[in-house]
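Chemist: Take these sequences, add in the hints, and give me the full structure.
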Amino acid sequence: MSAGDKTGEFEQVVRAYSADLYRYAYWLCRNRHQAEDLVQEAFARAWKGWADLREAALAKAWLIAILRNEHARSFSRKRPELASGEADESELPPVPSFEAGIETAQIVNRLPAAYREPLVLQVLGGFSCSEIAGIIGTSAGAVMTRLTRARQALREQYTEAGKRRVSK
Amino acid sequence: MNCLEFRRQKLADPRRLSAQAQSHLQGCPGCTEFARGVDETERSLEQALAVPVPEGLADRVLLGRRGAGRVAWRTWAIAAAVVLAIALGFGHLKNPPSDQYARLAIEHVQLEPESFTTVRHADAEAFRSILEDFGGTLKQPLGRIRYIKLCPLDEGTGWHIVFETPGGLATLILVPGKHPGSTETATVGGWNALARPTRTGYYAVVTASLQMTSRVDSAVRERIEWKS
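From first to last, the protein sequence lines stand for chains B and S.
Start counting the first sequence at 1; every next residue gets the next number (the working numbering).
Start counting the second sequence at 1; every next residue gets the next number (the working numbering).
A portion of the hints provided could be inaccurate.
[What the hints assert, rightly or not] Quick partial rundown of chain B residues pointing at chain S, CB under 7 Å, derived from the structure:
#	residue
1	Ser18
2	Ala19
3	Val120
4	Thr148
5	Arg151
[As the list claims (entries may be wrong)] Selected chain S positions facing chain B (Cβ under 10 Å, derived; list incomplete):
#	residue
6	Arg8
7	Pro14
8	Gly37
9	Thr41
10	Glu42
11	Ser44
12	Gln47
13	Ala50
14	Ala58
15	Gly64
16	Pro113
17	Glu114
Hint data in this document are derived by calculation from the structure and do not stem from the laboratory.
Given the structure is predicted, the values throughout are model-derived calculations rather than measurements.
By construction, the Cβ of each residue, glycine as well, lies at the ideal position given by its N, Cα and C atoms.
Modeler: Encoded structure:
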């Protein structure tokens with residue numbers, strides 16, 4: 001492949017997947033500045049290893065895996081800061097009657113990371129259970145269990161939020 | 001396939017049902033109702049997860065890659081950006097947009113959705129102290145404070161505050177050192193904002209409707225005394 005082809009292909013991939021990558025990064029770290037940094041870093045690494053990508057069809061999953069590694073690296077460097085953010089969320093007051101989308105985002109925020117991550121990959125990324133298993137390094141069965149529990153938890157919280165709205 | 005197996009499969013991957021699951025769904029009213037509920041939750045989930053993506057993200061990624069290997073090109077790009085910024089600056093001086101501060105406030109709120117879902121430094125005393133620094137005295141509480149953060153804003157920093165009101169959550173942004181010529185209003189993407197100059201800078205109120213912004217702004221003017 002010529003240098004021009006390589007550059008053109010990379011640009012197409014950046015334009016096609018940067019939004020998906022940003023959203024995935026946002027739900028990993030829940031901070032928009034960190035999310036953009038992660039996307040920049042992931043694409044910089046992807047460019048360096050572009051020759052390792054055998055099929056363009058696999059680019060999205062490959063990029064997600066790179067970004068996930070970057071997040072793990074930055075998380076290990078900044079653990080205390082992130083841990084204090086987690087503590088704040090545990091103090092969330094009852095959901096006020098506000099826009100439904102914000103209420104859902106709040107419920108998703110409360111899910112444990114192990115449930116939230118496969119859910120984001122499936123709902124936003126459109127990945128199947130076995131593809132998610134490949135990205136996060138576990139079995140398809142384990143992913144199915146996590147997704148089932150995540151959606152059960154969401155449904156329960158929706159029901160509770162609905163009851164709170166009725167009782168107000 | 002029985003109902004339990006169907007429901008497990010539907011919850012694990014609602015959009016990829018197997019042929020057996022599809023066939024079970026045809027003949028089971030209980031599972032049809034269950035599937036409808038899951039699909040409804042899924043739609044709402046999809047909307048909530050699709051947080052706004054910063055404008056120009058792909059361009060910045062590509063610019064970063066090009067810049068990594070071409071120092072000369074980057075130098076020219078920076079020089080061009082400086083010239084463009086100066087030209088735009090003169091353009092703005094000549095003809096400044098009348099709602100730029102209100103729009104900036106909305107843009108900031110859209111880019112920080114976590115301000116509505118996270119409780120952060122929710123301290124009434126901290127809010128009072130920030131207001132004092134900004135030249136305001138709180139005579140009466142505005143509502144329960146949920147979120148306070150110092151954010152990068154308008155080439156400087158500003159305080160981003162979210163509080164509860166009877167009509168829902170409202171955002172108050174305090175930006176020192178910038179002075180809109182008059183009160184500005186803007187409506188963008190389902191959000192409404194009002195930016196009002198003060199002696200030390202300006203404050204902006206952002207809510208989900210014009211009526212609510214107006215109510216919150218009235219409360220701000222009644223309950224905060226601004227130094228003249």
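Chemist: With reference to the structure, classify each hint as holding or not holding.
Modeler: Outcome of the hint check:
At its closest, the beta carbon of serine 18(B) sits 4 Å from a beta carbon of chain S; the interface hint therefore holds under the 7 Å criterion. Checking alanine 19(B) against chain S by beta carbon gives a least distance of about 4 Å; that is within 7 Å, so the hint holds. With its C-beta approaching chain S no nearer than about 6 Å, valine 120(B) sits inside the 7 Å limit, and its interface hint holds. For the restraint placing threonine 148(B) at the interface with chain S, the shortest Cβ-Cβ distance is roughly 4 Å, inside the 7 Å limit, so the hint holds.
Taking 7 Å as the C-beta contact cut-off toward chain S, the hint placing arginine 151(B) at the interface holds, the least distance being around 4 Å. Because the closest C-beta pair between arginine 8(S) and chain B is about 6 Å apart, less than 10 Å, the hint holds. Among the interface hints, the one on proline 14(S) holds; its C-beta lies about 8 Å from the nearest C-beta in chain B, closer than the 10 Å criterion. Because the closest C-beta pair between glycine 37(S) and chain B is about 7 Å apart, less than 10 Å, the hint holds.
The criterion of a C-beta within 10 Å of any C-beta in chain B is met by threonine 41(S), whose closest approach is roughly 6 Å, and the hint holds. With its C-beta approaching chain B no nearer than about 7 Å, glutamate 42(S) sits inside the 10 Å limit, and its interface hint holds. For the restraint placing serine 44(S) at the interface with chain B, the shortest Cβ-Cβ distance is roughly 5 Å, inside the 10 Å limit, so the hint holds. At about 5 Å, the closest approach between the beta carbon of glutamine 47(S) and any beta carbon in chain B falls short of 10 Å, and the interface hint on this residue holds.
Residue-level restraint check for alanine 50(S) holds (minimum Cβ-Cβ distance to chain B is 6 Å; threshold 10 Å). Taking 10 Å as the C-beta cut-off, the interface hint given for alanine 58(S) holds, the closest approach to chain B being about 4 Å. The closest approach between the C-beta of glycine 64(S) and any C-beta of chain B is roughly 6 Å, which is under the 10 Å cut-off, so the hint is satisfied. With a least beta-carbon distance of about 6 Å to chain B, the hint placing proline 113(S) at the interface is held under the 10 Å criterion.
Against a cut-off of 10 Å between C-beta atoms, the interface hint on glutamate 114(S) holds, since the closest Cβ of chain B lies about 6 Å away.
In terms of the numbered hints stated before, the structure departs from none.
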